[in-house]
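There are 2 protein chains.
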Amino acid sequence: MNSRGGGDDEDTFKILIATDIHLGYLEKDAIRGNDSFNTLDEILKCAKTNQVDFILLGGDLFHENKPSRRCLHSCITMLRRYCMGDTPINFNILSDQTVNFNTTQSVLFPWVNYQDENLNISIPAFSIHGNHDDPTGAEGLCALDLLSASGLVNHFGHSQSVERIEISPILMQKGNTKLALFGLGSIPDERLYRMFVNNQVTMLRPKEDQDEWFNLFTIHQNRSKHGPTNYIPEQFLDEFIDLVVWGHEHECLIAPTRNEQQLFYVTQPGSSVATSLSPGEAAKKHIGLLRVKGRKMNLQKIPLKTVRQFFIQDVVLDDQDHFTADTPQVTKKVEDLCYAKVTEMLDEAERERLGCPLTPEKPLIRLRVDYTGGFDTFNTSRFSQKFVDRVANPKDIIHFLRRREQKGDIKDEVNVDYGKLLKNTAVEGLRVEDLVKQYFEATEQTVQLSLLTEHGMGKAIQEFVDKDEKDAIEELITYQLEKTQRHLEARGVITEQDIDTEVRAGSCMISRAKDVNAINRAKAHRLEHGNVPVDSDISNELALDSDEGSAPFAPPTRGRGRGGRGRGGRGRGRGELSYYLS
Amino acid sequence: MNSRGGGDDEDTFKILIATDIHLGYLEKDAIRGNDSFNTLDEILKCAKTNQVDFILLGGDLFHENKPSRRCLHSCITMLRRYCMGDTPINFNILSDQTVNFNTTQSVLFPWVNYQDENLNISIPAFSIHGNHDDPTGAEGLCALDLLSASGLVNHFGHSQSVERIEISPILMQKGNTKLALFGLGSIPDERLYRMFVNNQVTMLRPKEDQDEWFNLFTIHQNRSKHGPTNYIPEQFLDEFIDLVVWGHEHECLIAPTRNEQQLFYVTQPGSSVATSLSPGEAAKKHIGLLRVKGRKMNLQKIPLKTVRQFFIQDVVLDDQDHFTADTPQVTKKVEDLCYAKVTEMLDEAERERLGCPLTPEKPLIRLRVDYTGGFDTFNTSRFSQKFVDRVANPKDIIHFLRRREQKGDIKDEVNVDYGKLLKNTAVEGLRVEDLVKQYFEATEQTVQLSLLTEHGMGKAIQEFVDKDEKDAIEELITYQLEKTQRHLEARGVITEQDIDTEVRAGSCMISRAKDVNAINRAKAHRLEHGNVPVDSDISNELALDSDEGSAPFAPPTRGRGRGGRGRGGRGRGRGELSYYLS
Chain A
1 MNSRGGGDDE DTFKILIATD IHLGYLEKDA IRGNDSFNTL DEILKCAKTN QVDFILLGGD
61 LFHENKPSRR CLHSCITMLR RYCMGDTPIN FNILSDQTVN FNTTQSVLFP WVNYQDENLN
121 ISIPAFSIHG NHDDPTGAEG LCALDLLSAS GLVNHFGHSQ SVERIEISPI LMQKGNTKLA
181 LFGLGSIPDE RLYRMFVNNQ VTMLRPKEDQ DEWFNLFTIH QNRSKHGPTN YIPEQFLDEF
241 IDLVVWGHEH ECLIAPTRNE QQLFYVTQPG SSVATSLSPG EAAKKHIGLL RVKGRKMNLQ
301 KIPLKTVRQF FIQDVVLDDQ DHFTADTPQV TKKVEDLCYA KVTEMLDEAE RERLGCPLTP
361 EKPLIRLRVD YTGGFDTFNT SRFSQKFVDR VANPKDIIHF LRRREQKGDI KDEVNVDYGK
421 LLKNTAVEGL RVEDLVKQYF EATEQTVQLS LLTEHGMGKA IQEFVDKDEK DAIEELITYQ
481 LEKTQRHLEA RGVITEQDID TEVRAGSCMI SRAKDVNAIN RAKAHRLEHG NVPVDSDISN
541 ELALDSDEGS APFAPPTRGR GRGGRGRGGR GRGRGELSYY LS
Chain B
1001 MNSRGGGDDE DTFKILIATD IHLGYLEKDA IRGNDSFNTL DEILKCAKTN QVDFILLGGD
1061 LFHENKPSRR CLHSCITMLR RYCMGDTPIN FNILSDQTVN FNTTQSVLFP WVNYQDENLN
1121 ISIPAFSIHG NHDDPTGAEG LCALDLLSAS GLVNHFGHSQ SVERIEISPI LMQKGNTKLA
1181 LFGLGSIPDE RLYRMFVNNQ VTMLRPKEDQ DEWFNLFTIH QNRSKHGPTN YIPEQFLDEF
1241 IDLVVWGHEH ECLIAPTRNE QQLFYVTQPG SSVATSLSPG EAAKKHIGLL RVKGRKMNLQ
1301 KIPLKTVRQF FIQDVVLDDQ DHFTADTPQV TKKVEDLCYA KVTEMLDEAE RERLGCPLTP
1361 EKPLIRLRVD YTGGFDTFNT SRFSQKFVDR VANPKDIIHF LRRREQKGDI KDEVNVDYGK
1421 LLKNTAVEGL RVEDLVKQYF EATEQTVQLS LLTEHGMGKA IQEFVDKDEK DAIEELITYQ
1481 LEKTQRHLEA RGVITEQDID TEVRAGSCMI SRAKDVNAIN RAKAHRLEHG NVPVDSDISN
1541 ELALDSDEGS APFAPPTRGR GRGGRGRGGR GRGRGELSYY LS
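Residue numbers (my numbering), protein chains in the order written: chain A, 1 to 582; chain B, 1001 to 1582.
Quick caveat, the hints were computed from the structure, so don't treat them as lab data. Glycine is no exception: its CB is placed at the ideal position from the N, C-alpha and C atoms. One or more of the hints may lead you astray.
Unchecked claim - Covered stretches of chain A (in silico footprint by chain B; criterion: 3 or more residues with CB under 8 Å from a CB of chain B, positions within the stretch not fixed):
#	segment
1	147-155
2	242-248
3	385-398
Stated by the list, open to error - Here are a few chain A residues that face chain B, going by a calculated C-beta distance under 10 Å:
#	residue
4	I89
5	N90
6	L108
7	F109
8	G137
9	L141
10	E350
11	E352
12	G355
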């Protein structure tokens, strides 16, 4: 009997995707303490209701590396409740499971939980680990491994080596659909960036029938650029991937976006609980119901009902018409304005919450107040008192900012244009050393002299360049630059604001050059291994349709070149990295 | 198919009993780190080999309240390995499981793990918690609850109330044998003592067929008297019990001993890993294979092979013939003597270990050196160096003691004669106040005066007596006595040794009076509830045979009065405490 999901047929994988559940976040908070637990419950219940084939989690299931007893206990209980039962599993695993589940669990139970004859699993859950719940200690165990030892979760994508990462997919088949599930648990961004650049990361593909596999990759890293090498550019990932489920980033951008260079799609489900009061967390939280049939996919967004509402607004005092910094009793007026804004958000929250009994009553509210221009701050604790009965975070509703520039930074950083980076031919080809030189020429004379004379930077840089320690250069420059500039600031030569700008300019130039180099090297690496360049005009069978409803599979929207067409797979000629079906 | 245990029939419960496994003890120690894990593995393997019906653990499965990830992971893995599988379970549970497993797990899974249709359990394990792994936090969860949520262990005997403890047995039936399994997880001794005295502890018996049940009780408390109310006298326990499995005490005294007052047997399996270098831990470690058929039992001792050997010896320097404190270079001679003693123990260890491949190579060695009489200590770190390759605990082989009296204390305290306490009719009937008075009359004039004048003790005592705070009296007396005596010592009036003697005498007198009172009250409580006095001459069917081998059931050895013969059970007349089968 195959009764899974009304219109879904026996060739369609139904996968519930979610990430960054952060179970246990603020668990001791009297108001918000149960939020993460309620939402995990909702997610698992949703998986059950939708009769999915499996659950795919993108890391940070736990907020703490060492979750509390209550947290672990709740998690175990919920998984046992929702993921065990008599519903049959309708897909097979074709790959070598001892390779797929190469965590410590595998010593005794190197197989997917639903194939364990002592466990009656109805919904297998697959998860990579995140940076919050990453492996630690001599045994390299993480909290997920307790769940996997219990047979409640299949922890995959744990790379045991720091020298080389080989990502072996879990090869699944349901009816005629073949799904290759790749995963890579969280690794410090800088290290992983370096490993990509040094060709130490390899994704192993099935050698046969490459065209028939839908390649799904789960990763938990910075997607937005937090620093020069403190993220993973999408361009680093192999072009043969069809869909990347990107964990770690908390903003819900679950509708798959197409990477035009790599021609794959990326879905960023976002966290299911707000762990900061930043704009990204204010986006409505969703999980995804991914359907894969043959090479086609469809991603249905499912709004989460138990998530606490979060409203954020900015107010710039200097832009207000009613008062200036010199207006009498202006602080009172500012406070009144804030009161009005917060009340407005609360009213909106209440309207939205109508008819949503699962949504917690008190919303999270954040008002960012830019008081640049001579305004004073007011007493926020007194202000908080007024909202103690209506707001989940009364103590930190108001956030005073001093500079207008900070506004919108977060948004801007998320939307880094990776394409531009790659196309910036003017910079392409420059060596790092040239850029360092160019940077120093552009920098204020005073600073440059200080650097060179006081710290012997020139020599230091050359030494590092010789050693090919390119990260170190950047670190050293940034460090020394900041140090010198603080020094100058103390003497009144430059202002604090100057410093920020300078540091940003310097590190940006260096990192841009590094990005380009790195991406080019990674590209060359892939070409060398037999993949065609991305600007191929071969049409492809992959289709995508992402919507709020549950639309049927849409027709192909864009052509796409794919590997494996008479190119003999990704064998390196030496064959040691080829991936065979077991 | 019933193929369990060759000669064992379908009416015989086979139960593996073990306690104080202290998983994770010294887990970071390079030499001893794996000891506790290896022994748990041995114990579980033994349960499997012997095809027991279930495992009964007496608490402190974990050494740490919050076990490390490795520790939890290993435990889960081992339980999954040995306790899951296809072997059928041949006994039923007749009692209300929602009452038996009244921990937090029961909210969702209020049943024994082997009856969960999603888990294929071959050997159910039942455990109470110990003082090391006791419940904490608002949810009252302990490490065992993680295992029980996973379905790997059945945590029972967790009393949720601090006002009243009602111990409901798990009623099991195998063939014609009926087993009532009572358990009480660790509670601070003083509190439990007080609750017994105040009639706040009730053991619920099946109301029907009382004669047919074998009543097994598992407890994890001080059995030896660590302080006046800092232990649980066996006399506090109900007479209808057949066998007590006493956890917490680490010395292996697994051969059941008969309590002549209560007419039940007590087996003290002891820890399976030495967590201190005291004489009690040096007794050979065993677990038990308990067989219960009808009302008969047999306890087979099974020596543990993976336990690290532990040898302890005492040497009194003042008793040596070869030297005195004045002998030239006596410290060198002392060190040579110690070297010889340790070598002797090592040789003995090696001989004993012959043919025991599972026993770790390096034994634990402790030499207690009494250097009273003007001897000097020698450099133990240099001494340790000589044994670093042969001893598991090179750094603390030698333990210097200053007073001869400390020797043997441990042994003496374990062997407190509870019977004498009860029979001491001379003291019986005295009120605590009388004993306090008597104590002060017996105490040195100086001390007494100091107490009364300096601290107004007389008045304080009366106040406490009036409030019926008998514990407080004792605490206050001991505290004030010590304080005053320290004061006198400082003035040179008395010596340190005097103080110890005095304090012991004082607290002993008080506590003896309290014991007698408490035991009498508990007895009265039981009589009131319908049980006959223990000196009945009715013969009984209970037999006991405990040996090293696997002897058949022995004939009855002693007559014993039992409840339930025409006495109408233990109903209180009001009925609210009667226990019914579900």
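Evaluation of the provided hints:
1. 147-155: holds (count 4)
2. 242-248: It is violated: at least three residues are needed, and the segment 242-248 of chain A offers just 0 whose Cβ sits closer than 8 Å to chain B.
3. 385-398: violated (count 0)
4. I89: Violated. Min distance 13 Å.
5. N90: Hint violated; N90 of chain A Cβ to chain B Cβ min 18 Å, cut 10 Å.
6. L108: Hint on L108 of chain A: holds, closest Cβ of chain B at ~6 Å, below 10 Å.
7. F109: 7 Å, holds
8. G137: G137 of chain A check passes; min Cβ-Cβ to chain B is 6 Å, inside 10 Å.
9. L141: Where the cut-off is 10 Å and the nearest Cβ of chain B is about 5 Å from L141 of chain A, the hint holds.
10. E350: Constraint on E350 of chain A not satisfied, violated at 31 Å.
11. E352: Violated, because the Cβ-Cβ distance from E352 of chain A to chain B comes to roughly 32 Å (cut-off 10 Å).
12. G355: 29 Å, violated
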